[in-house]
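> Counting with UniProt numbering, you get residues 1 to 241 for the letters of the sequence shown.
If you're looking for bench data, these hints aren't it; they were derived computationally from the structure. Do not take every clue at face value.
Restricting the straight-line Cα-Cα distance to at most 25 Å, the calculated cross-link-like pairs of lysine to aspartate or glutamate (DMTMM-like) are [said to hold, decoys possible]:
no., residue 1, residue 2
1, K17, D154
2, K153, D45
3, K81, E122
4, K23, D154
5, K14, D154
6, K13, D154
7, K236, E80
8, K13, E122
9, K153, E80
10, K235, D154
11, K184, D154
12, K184, D211
13, K235, E80
Distance windows between CB atoms, simulated [said to hold, decoys possible]:
no., residue 1, residue 2, range
14, P164, K13, 15 to 23 Å
15, L125, K153, 28 to 36 Å
16, L131, L31, 18 to 26 Å
17, F16, R85, 18 to 26 Å
18, K184, L125, 30 to 38 Å
19, L207, M88, 37 to 45 Å
20, L38, M89, 41 to 49 Å
21, A221, L125, 26 to 34 Å
22, D211, M34, 36 to 44 Å
Predicted, not measured: the structure shown is a model, and the values here were computed from it. C-beta atoms are modelled at their ideal positions from N, C-alpha and C, and glycine is treated no differently.
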Amino acid sequence: MKFNMRCFIALFKKDFKNSFTNKNVLLLLCLPVMFCLLYTMIYSDMEGIPTGFVTILCIVLVLSIIPVNILANMVAEEKEKHTLRSLMMANVSASEFLLSKATVALLLVVLDSFLIFICCGEGFLNIGYLLIVITIVSIGLLFFGALVGLLSKDQMSAGTLSSPIMILLMLPPMFANMNAFFEKIAVAFPTTSFKTLYFILQDGQSLFSQDALIAFGVAVAWIVLGLIGFTIVYKKRGLDD
1 MKFNMRCFIA LFKKDFKNSF TNKNVLLLLC LPVMFCLLYT MIYSDMEGIP TGFVTILCIV
61 LVLSIIPVNI LANMVAEEKE KHTLRSLMMA NVSASEFLLS KATVALLLVV LDSFLIFICC
121 GEGFLNIGYL LIVITIVSIG LLFFGALVGL LSKDQMSAGT LSSPIMILLM LPPMFANMNA
181 FFEKIAVAFP TTSFKTLYFI LQDGQSLFSQ DALIAFGVAV AWIVLGLIGF TIVYKKRGLD
241 D
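Use the sequences and the hints to build the structure in full.
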């Protein structure tokens, strides 16, 4: 697949602007931040709330929604409005098209996460580290979002196909502490990797501890699986079937 940087920059500007004009994308983008503000106000005066509860809950929401659902919606919107073929006829390559949308989605993840960290009162040094972790975790999920976008014909089907993946990403970190069985299963999900690395930072543990290495390993494994899955689907279906 050929790649033209000038074309990519033009697409990136268009996609970034469109992400704030698409009502579906804008709503999904605002949800985690709105929940963060709501939970922060509700739990501010309550005792017994675990440290980082609101932060983890909202960041897991960001990681479950933006890389998978919003990216899929962005790809499906081009198909639905029949603008994808126009772009292809204008010599826009598949790599430029997909990388532009994936980069915008990653930027939106970082932006949402930063706002949540500010609302939750995280220190700026911690925020830098956590944003790096979130970026690593997001890369694998972006492949799955792009995969869903390839399989979707319109935004409605993109929402339907991405919903099971979103639920699958949201539930493990939330139920990991219920019993040993859930805890073992939850380790295999990248959203749990963020939770693990967040607490490692809060507790001042080493990033080379066993738990940290497992968490990073899971994130890398999802990148590999996502890349393989996306490549297989892309070769079979192409960008615009």
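> All hints, please: hold or fail.
Results of checking the hints against the structure:
Among the hinted pairs, K17 with D154 is consistent with the structure: their alpha-carbon atoms are about 20 Å apart, no more than 25 Å. Simply put, K153 and D45 have alpha-carbon atoms about 47 Å apart, too far for the 25 Å limit, and the pair is violated. Straight-line distance between C-alpha atoms of K81 and E122 comes to about 41 Å, which puts the hinted pair past the 25 Å bound. Between K23 and D154 the CA atoms are separated by roughly 15 Å; this keeps the pair inside 25 Å, and the hint holds.
With a C-alpha separation of about 19 Å, the suggested pairing of K14 with D154 holds against the 25 Å cut-off. At roughly 22 Å between alpha-carbon atoms, K13 and D154 fall within 25 Å of each other, so this suggested pair holds. Taking the CA atoms of K236 and E80, the gap is near 20 Å; set against the 25 Å cutoff, the hint holds. Of the supplied pair hints, the one linking K13 and E122 is violated, its CA atoms being roughly 30 Å apart against a limit of 25 Å.
Only pairs whose Cα atoms come within 25 Å are accepted, and K153 paired with E80 is accepted, the gap being roughly 7 Å. Note on K235 and D154: the hinted pairing holds, with a Cα-Cα distance of about 20 Å set against a maximum of 25 Å. Note on K184 and D154: the hinted pairing is violated, with a Cα-Cα distance of about 36 Å set against a maximum of 25 Å. Taken as a hint, the K184 and D211 pair is honoured in the structure, with Cα atoms around 12 Å apart against an allowance of 25 Å.
Between the alpha carbons of K235 and E80 the distance comes to roughly 21 Å, so the proposed pair stays at or under 25 Å and holds. Under the hint 15 to 23 Å, the C-beta atoms of P164 and K13, about 33 Å apart, miss the expected range. A hinted range of 28 to 36 Å for the beta carbons of L125 and K153 is inconsistent with their spacing of about 45 Å. L131 and L31 have their C-beta atoms about 20 Å apart, which keeps the hinted 18 to 26 Å range intact.
Separation of F16 from R85 is about 22 Å and conforms to the stated range, judged on CB atoms against 18 to 26 Å. Distance hint for K184 and L125: a CB-CB separation of about 32 Å, consistent with the stated range 30 to 38 Å. Remark: the range hint 37 to 45 Å for L207 to M88 is upheld by a beta-carbon distance near 43 Å. At roughly 46 Å, the beta carbons of L38 and M89 sit within the given window of 41 to 49 Å.
For the pair A221 and L125, the beta carbons lie near 28 Å from each other, so the given range of 26 to 34 Å is met. At roughly 32 Å, the beta carbons of D211 and M34 sit outside the given window of 36 to 44 Å.
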